[in-house]
Amino acid sequence: MSSLSRELVFLILQFLDEEKFKETVHKLEQESGFFFNMKYFEDEVQNGNWDEVERYLSGFTKVDDNRYSMKIFFEIRKQKYLEALDKQDRAKAVEILVKDLKVFSSFNEELFKEITQLLTLDNFRENEQLSKYGDTKSARNIMLVELKKLIEANPLFRDKLQFPSLKTSRLRTLINQSLNWQHQLCKNPRPNPDIKTLFVDHNCGQPNGARAPSPATNPLMGGMAKAGGFPPLGAHGPFQPGPAPVATALAGWMANTAPAPHPAVSAGPIGLGAATSTAALLKRPRTPPNVSTVEYQSADSDLLKRARAIGPSGDEVSYPGPNLPQALYSQDDLPKSVARTLNQGSAVTSMDFHPVQQTILLVGTNVGDIGIWEVGSQERLAIKNFKVWDLGACTMPMQAALVKDPGVSVNRVMWSPDGSLFGVAHSKHIVHTYTFHNNELRQHLEIDAHVGGVNDLAFSKPNNQLCIITCGDDKTIKVWDVATGNKQYTFEGHEAPVYSVCPHYKENIQFIFSTALDGKIKAWLYDLMGSRVDYDAPGHWCTTMAYSADGTRLFSCGTSKEGESYLVEWNESEGAIKRTYQGFRKCIMGVVHFDTTKNRFLAAGDEFLIKFWDMDNISILTTIDAEGGLPASPRLRFNKEGSLLAVSTSDNGVKILVNADGLRMLRTFENRTFDAARVPQDTKVGIVNQIAAVTMPVGQTVGGSDRVVSTVSMVLNGVDSRSVGDKTRIADDTVEKNKSWKPTEVNEPGQCRSLRLVDSLPPSKVSRLIYTNSGVAILALASNAVHKLWKWPRTERNASGKATTNFPPQLWQPASGILMTNDISDTNPEDAVPCFALSKNDSYVMSASGGKVSLFNMMTFKTMTTFMPPPPPATFLAFHPQDNNIIAIGMEDSTIQIYNVRVDEVRSTLKGHQKRVTGLAFSHVLNVLVSSGADAQLCVWGTDGWERLRSKFLQLPPGRVPSSLAETRVQFHQDQMHFLVVHETQIAIYETSKLECLKQWVPRESLSAPISHATYSCDSQLIYTSFLDGVVGVFHAASLRLRCRIAPSAYLPSSSVHPLVVAAHPSEPNQFAVGLSDGGVQVLEPLESEGKWGTGPPAENGSASNAPVVTAGAAASEQNPR
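Each residue of the sequence shown is one higher than the last, beginning at 1 in the UniProt record's numbering.
It is worth saying that the hints were derived from the structure and are not from the lab. A hint or two may mislead.
What the hints assert, rightly or not - Each computed SDA-like pair below joins lysine to any residue, with the alpha-carbon atoms no more than 25 Å apart: (1) LYS137 / GLU114; (2) LYS475 / GLY530; (3) LYS952 / ASN885; (4) LYS765 / MET859; (5) LYS765 / VAL786; (6) LYS791 / ALA660; (7) LYS78 / GLN129; (8) LYS92 / GLN46; (9) LYS71 / ASP616; (10) LYS137 / LEU198; (11) LYS791 / LYS742; (12) LYS27 / TYR56; (13) LYS336 / PHE608; (14) LYS149 / SER165; (15) LYS80 / SER138; (16) LYS39 / GLU54; (17) LYS765 / LEU965; (18) LYS71 / LYS137; (19) LYS149 / PHE21; (20) LYS765 / ASP823; (21) LYS578 / THR552.
Claimed, not checked - Label pairs and their in silico Cβ distance ranges: (22) ASP159 / SER760: 21 to 31 Å; (23) THR1095 / GLN117: 35 to 45 Å; (24) PRO793 / LEU130: 22 to 32 Å; (25) LEU119 / SER1056: 23 to 33 Å.
For glycine and all other residues, C-beta sits at the position ideal for the given N, C-alpha and C.
Model the full assembly from the supplied sequences, consistent with the hints where possible.
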């Protein structure tokens, strides 16, 4: 159903509700599945109308859709069962047990047995777990609390719990507007026409025409109006002129170039956009730019979509298809566990994570200090106390302010988008910028920016020129060139101190939102035309604004002078508040701060807690106290990935909260310090060169109070001459160590731990293999299009339930006995190129074997939907790392489709390869997609506009001719800036920003067979590589030198069998699994006494760096990389 048809259903629901058709309203809610009426659901549960409760639920979910749905139905049926037992109605209880609860036995047989045993008790409260069960009413209320939490967490209910904000009688208004329009088209319009029907178009020119139906038979007219409904259509004045459009609405402000000093707009969208220039960009942020819009879609529009999808297309086309699950996130994705505590020494006022190295945290304090921390190792890399760099160049107002009160605090710290420098806004006049390379903090610019305090700063790139935006107590916003410190713009128009700025862009339109202490929100373009909008923020005092990570949703959070806090989402197309989030109490201690993450969650510090919301639900999702010690309104900041959350503490420190991904990240970096080699070279050189080219003499002033001081020094080529002699001596020692070092040989079964997974299904070679993200199961896709899932049970001997060679897993199937089998259409699956991708929370798998792409529920194995029928078939799948609704799909025809699951459309078609696409990998740090193909070509695409940034063909070894079916695979290193390339002729390490091959290894000598597959270990320190002769090589990732060679005799049952694919455990770096040509799956680990696969080679060039950047002159070994 199109989005407009969906909106029509909402209008009908509103009309039915206003007309008091209560049963019909709820029937339409249930049948459409668009809006879940929580109030109605609560009433039915409290009244014990269990049949109606389940009937209503059935419009939105089924028992076996997911774990949340299963829990919802279980709780309802359990309550119904307990109520029957409480009434001593054993017959009814047995009926409920057999008909309703039996279905859950296949998922938890022990629980079902325990429920059954309740029949043997005179009073089920004798059961210890039910001893606190009260009366029926209280039990239902307690259950309702749990049900509401489950429903709000269930992804199938997302966007269905909030009814759209509609003006009263919206459907009637639209009909009146239509009648007015019809009347204007009449050739001989009569004054005050009498509307008799809606069944045919109105026409004043047919006095002798066919008679219209009687109003008595027309339910929309006054004769059928019910008490309490809105007045009949006539009462609205059918032909009253509609409201004239506001001339200054944002739909047209870009075209209005009148030099008004500070034009204010009181109506219109809060976003900044206009028709072909910029008007509609923010009004329709989700509409593809190359797809024409229509006012209303009929059923035929789906056929048009299908025709466009199959034929040649432009950059963006739309595909029909059923609604798929939206964001596949759960509360487990929130960083809620305290992993690190940092002692800053003074009260923290602002924080920001490095955009590239996401374990680097920048901190500002109330005494003007700034600190830089590596949170993994808990090492403070740098600290600076506040001081004026050139006091003699200070303006008189600033000198007077410092004499009156020398105390200065930090109001805001922020990294530049590439992380090459950062800015600090101080409470008195000054903005400082610093560069930070090789753990060395260098002063860059000192700007006397504002008279009074500098309240906020942000970075932006208007006209591709990096600028810093500041705002202050002098009621202005200013824009400065980061390289020179020259002032570019001054925006005046606020009547109170400017509290915050929020720059943004939409399709090349750059703009700035600003908020002031009188509660006004204004918007500015980079020109001198004044503010474009003028709105009131809730609370009318301290307000900050922020966009979601994908830039499509705008939020603000503010606190009033009375202590009332407001967190809201704005409707950019109307300039109105879309939703107001609940959960705040009156606060008399400070201002509430907030942040967003993952395009799904909001977090705010309030009441000594961290409060979380789902963006689509106004109710609090959860709260945490971070083990106590938080101030009343803690500062907080997510890292870019959303895996870490920094929270200020009341004892002048910072707590680092993590989710599972964040904990793995910290463990990886806990023994490292900041490494400049991990920052892309073009990032470092570009900004430093840009700054150095415009270095100004110390003390030079720019325009009165707008003073700038540049104090840049440079390190050429990243080499410090003081260390050259030391490196020469180290190199001599390294050569001696290399002569005695040999890789470990594993030739016998007793030299490693190996487990072949039990398989009762017909054997078929394993084409794809992966561990689940939780590490408790392995999923394989066989060449016959059937998936196999092995789960390790949680036992006393294996309390974690993680995959291990010590205990065999179970080949898992749901009670229904169905298999996850891909659509194969008319193709032979053995000839297809299988592919799959697993969602981050392990709930869904997207898969294809030459036919349609299928979406499976990992718990029930049911096919949720299929899409993209061939030709061409899909050959590789990858979820976007920050939005599971975006999928990159490599195709047999060499294109890459960027598919949006939520809106069922192809956002872009990427063309650059010459043969089928065989590999895709996202970097959430660099915001790029790397693709590889059977043409041995690598391409890098920007994920902002999906443009091709660069491409390069593999460096094939001389004399090596790859087979026509050779695949090229890519996988990012954990640093997200380097990636592994796997081809039958080589493994290689590439640097992404320049697409430069840093290291290459080709098969030779004891490892001479073609490579079948390779993958990084979970910590990116090892590379597991399989060969077609059955050998597995374990390589040191930093140097591509062989660390351990595992012979086929150590783990394979036959010499005719060889590994086709390799998968690494997500949290155990020394465990991996191989999928074999005979259909088997083998899990391998080193001996417990060894703990790891061999010993690493000596550090090269005196460096023990774990980054995979290795110099070309590395010392040779038996398996010397090229």
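task: Report the numbers of all earlier hints that the structure fails to satisfy, in ascending order.
output: Hints 3, 10, 11, 19, 22, 23, 25 not satisfied by this model.
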